[in-house]
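Trainee: Now for the letters of each chain:
Protein chains: 2
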Amino acid sequence: MATIRDVAKRAGVSVATVSRVLNETGYVHADTKAAVKKAIEELNYKPNYVARSLYQKSSRLIGLILPDITNPFFPELARAVEDVAHQYGYTVVLCNSDGDLEKEKHYLDVLTQNHADGLIVTTNRQNNLNYINLNIPVVALDRPLHESIPEVCADHYGGGKMATEYLIRRGCNFIAHVRGPGQLSPADERCRGFVNAAEKAGVPFYIVESQFDITISEQKVSELLDTYPRIDGIFAGNDLIAVAAVKVALKRGISIPEELQVIGFDGIPLSACFYPSITTIVQPIYEMGQCATKLLIQLITNQGVTAKKHCLPVKLVERETTKRMG
Amino acid sequence: MATIRDVAKRAGVSVATVSRVLNETGYVHADTKAAVKKAIEELNYKPNYVARSLYQKSSRLIGLILPDITNPFFPELARAVEDVAHQYGYTVVLCNSDGDLEKEKHYLDVLTQNHADGLIVTTNRQNNLNYINLNIPVVALDRPLHESIPEVCADHYGGGKMATEYLIRRGCNFIAHVRGPGQLSPADERCRGFVNAAEKAGVPFYIVESQFDITISEQKVSELLDTYPRIDGIFAGNDLIAVAAVKVALKRGISIPEELQVIGFDGIPLSACFYPSITTIVQPIYEMGQCATKLLIQLITNQGVTAKKHCLPVKLVERETTKRMG
DNA sequence: TTGTAGGCGTTATCAC
DNA sequence: GTGATAACGCCTACAA
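Residue numbers (UniProt numbering), protein chains in the order written: chain A, 1 to 326; chain B, 1 to 326.
Honestly, I wouldn't trust all of these hints.
Result set (DMTMM-like, lysine to aspartate or glutamate): computed pairs, CA atoms no more than 25 Å apart in a straight line [unchecked claim]:
1) A/57 with B/42
2) A/294 with B/109
3) A/46 with B/100
4) A/37 with B/109
5) B/57 with A/213
6) B/220 with A/320
7) B/46 with B/6
8) B/46 with A/109
9) B/294 with A/98
10) B/103 with A/98
From the derived model, a few chain A residues whose C-beta atoms are all more than 12 Å from chain B [what the hints assert, rightly or not]:
11) 25
12) 49
13) 79
14) 124
15) 144
16) 148
17) 222
18) 223
19) 303
Sample of chain B residues at the chain A side, in silico, Cβ under 8 Å [claimed, not checked]:
20) 75
21) 79
22) 91
23) 92
The set of hints was computed from the structure by calculation and includes no laboratory data.
The structure displayed is predicted, hence computed values, not measured ones.
Cβ atoms here follow ideal geometry from the backbone N, Cα and C, with glycine treated the same way.
All chains, please: the whole structure from these sequences, using the hints.
Mentor: Rendered as structure tokens:
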């Protein structure tokens, strides 16, 4: 690999001059500039970013910490982060934490020791001390991290309400919420929205806790339908749970949406391609990733920080697991 | 951030000594070692990897270039790569190329300029000159890159044959292959396997080309079934196409598997959770990622390179879109 | 067993 | 306009 010194030698100038044309900083005569460019061309010189990072204390690396890229919610998020990062000349390092604090800590170390310029974090563990005294900007994505850390998420509470009201408007008389795991903030919020809407409407309801996992949820839904056969509407904690609900119902010969209506949450691709396609509360996943990344880059480049918390609106997409009106 | 010099000062030794205890290299008296460790502790010193990289010309960064993490085939692959990399102390940089040569080139530059130690590449463009004269190891994953580059992939040809023979054994009399895009090596291989098996069995067959995309494939399958209503078996080029086939059939009231059997390829999670669940040729996706990463790390650390091409076996998983025997 | 000093490739601050 | 040169933080001959 050619270095700046090689270029300087070949162009018959000093490294300082080469650096100047490289960074377009300071004055340099048109002719020398041309000579330098020629030398760069001939040597196929590429600046060494590591050396540059060492001096600048900035690597243009962004860390993306998320539980598991294999979870269908995250690829789109990761994609958005990568797209925006790329657009602004940053590169993203992908870290799967499995929600494991040790692993998060490890990645945090690796990232900071590599002079990452900023972090985007999706973690279940709120108030995680790991993140608060870092000296690089951090943005929490999808889930709150700490009150001092800016955050981009969707309106889970509003979505929960919306889903529930929708079910009720579609004529459901006994609705169940198969919620996501406790302790997980979005699951809690959605559940709160559900309770609020159901109580306000005076509709009887029931709540079961499950995981964001199809197999486990099939089990839960099965038990639920055994216990409460009257249920005619299910608000699933996310689309995976919704898929489980639909499958269980179909296998039992319960017709959807005639006898049982199901609505999910998230709007992952699966919800649209499943058959029947699943009515769901769609989060603007890509936009969330974009927003978080732009925010982070603003923070990194110090362009007057904007609001602390960005709560993006969700929207209800009607598909085949709920009744069409009119 | 504390530097090695701060530690040295605090421990009352030289930086060389600190470096020695850090890297466990060379002799150092137990007492001094203890003193240094204490200083490290007190200062919460963490070595600066950037400085280290500069000197060592190695960053312990691995680049993972793939078309689009949003494609359900890739998350598991990425996860495997990340897991193995992490296990060996490497960190992975995620790059979505969209199969765009310019983007690939850009990432290649970024990666090499950051002293990435190696690359794992999934690209459609074979014989891409970008990769051949790099001076870091490269491993091609899922798709061949160039004859000089080691490769990890699944047995697409064998899988194609297996799927076809299976359909025939299950009694199909007129089979169609809705294949993936031309030019894409795995799609070609699967198609070759199909043709070979169908011809050998003397079963009439038909081939349509589609994309690895549900919506487009629904269209293609629709046309196919219009033209050849006799078709009683479809070998889909991948699971997305299989999903499309199943949906189209079901919407037309064609019962699966009684009137039409469908088999996919890949074994993405969707194939298992779809209803009906889809019989498919499962690639060992996670293992492929692991294998490629281990191979790359061997190459990086120069541990006598193993065989050039690793072709992993696929297996047929019977589910609900084909008939059960006996 | 430990310390000194030079170098990894850049950038930026001075002089000239 | 341009060129030395001192950082950036670490590692490793080579000396001591």
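Trainee: Compare the distance between the alpha carbons of residue 294 of chain B and residue 98 of chain A with 25 Å, and conclude whether the hinted pair is satisfied.
Mentor: 21 Å, holds
Trainee: Hey, is residue 222 of chain A genuinely clear of chain B, shortest beta carbon separation above 12 Å?
Mentor: Residue 222 of chain A is indeed farther than 12 Å from all Cβ atoms of chain B, at 15 Å.
Trainee: Given the hint that residue 46 of chain B pairs with residue 109 of chain A, does the C-alpha gap stay at or below 25 Å?
Mentor: Satisfied, since the Cα-Cα distance of roughly 8 Å is no more than 25 Å.
Trainee: Would the least Cβ to Cβ distance between residue 25 of chain A and chain B come out above 12 Å?
Mentor: The assertion about residue 25 of chain A holds, with a minimum of 19 Å to chain B.
Trainee: A cut-off of 12 Å on Cβ-Cβ distance, and residue 144 of chain A was said to be off the interface with chain B. Does that hold?
Mentor: Residue 144 of chain A is indeed farther than 12 Å from all Cβ atoms of chain B, at 25 Å.
Trainee: Check whether the Cα positions of residue 57 of chain A and residue 42 of chain B lie no farther apart than 25 Å.
Mentor: 23 Å, holds
Trainee: Next item in the hint list is residue 91 of chain B. Is there a CB on chain A closer than 8 Å to its CB?
Mentor: Where the cut-off is 8 Å and the nearest Cβ of chain A is about 6 Å from residue 91 of chain B, the hint holds.
Trainee: Quick one, are residue 46 of chain A and residue 100 of chain B close enough, alpha carbons at most 25 Å?
Mentor: 22 Å, holds
Trainee: Under 8 Å, Cβ to Cβ, is where residue 92 of chain B needs to be relative to chain A, so tell me if that hint holds or is violated.
Mentor: The hint holds - residue 92 of chain B has a Cβ within 8 Å of chain A, the shortest such distance being about 6 Å.
Trainee: CA of residue 57 of chain B to CA of residue 213 of chain A, is that 25 Å or under?
Mentor: 43 Å, violated
Trainee: Is residue 303 of chain A truly not at the interface, in the sense that its beta carbon sits beyond 12 Å from all beta carbons of chain B?
Mentor: Per Cβ check, residue 303 of chain A is outside 12 Å of chain B; nearest 23 Å; holds.
Trainee: Checking the smallest CB distance to chain B, is residue 79 of chain A really beyond 12 Å?
Mentor: 5 Å, violated
Checked against the numbered hints above, the structure violates hints 5, 10, 12, 13; every other hint is satisfied.
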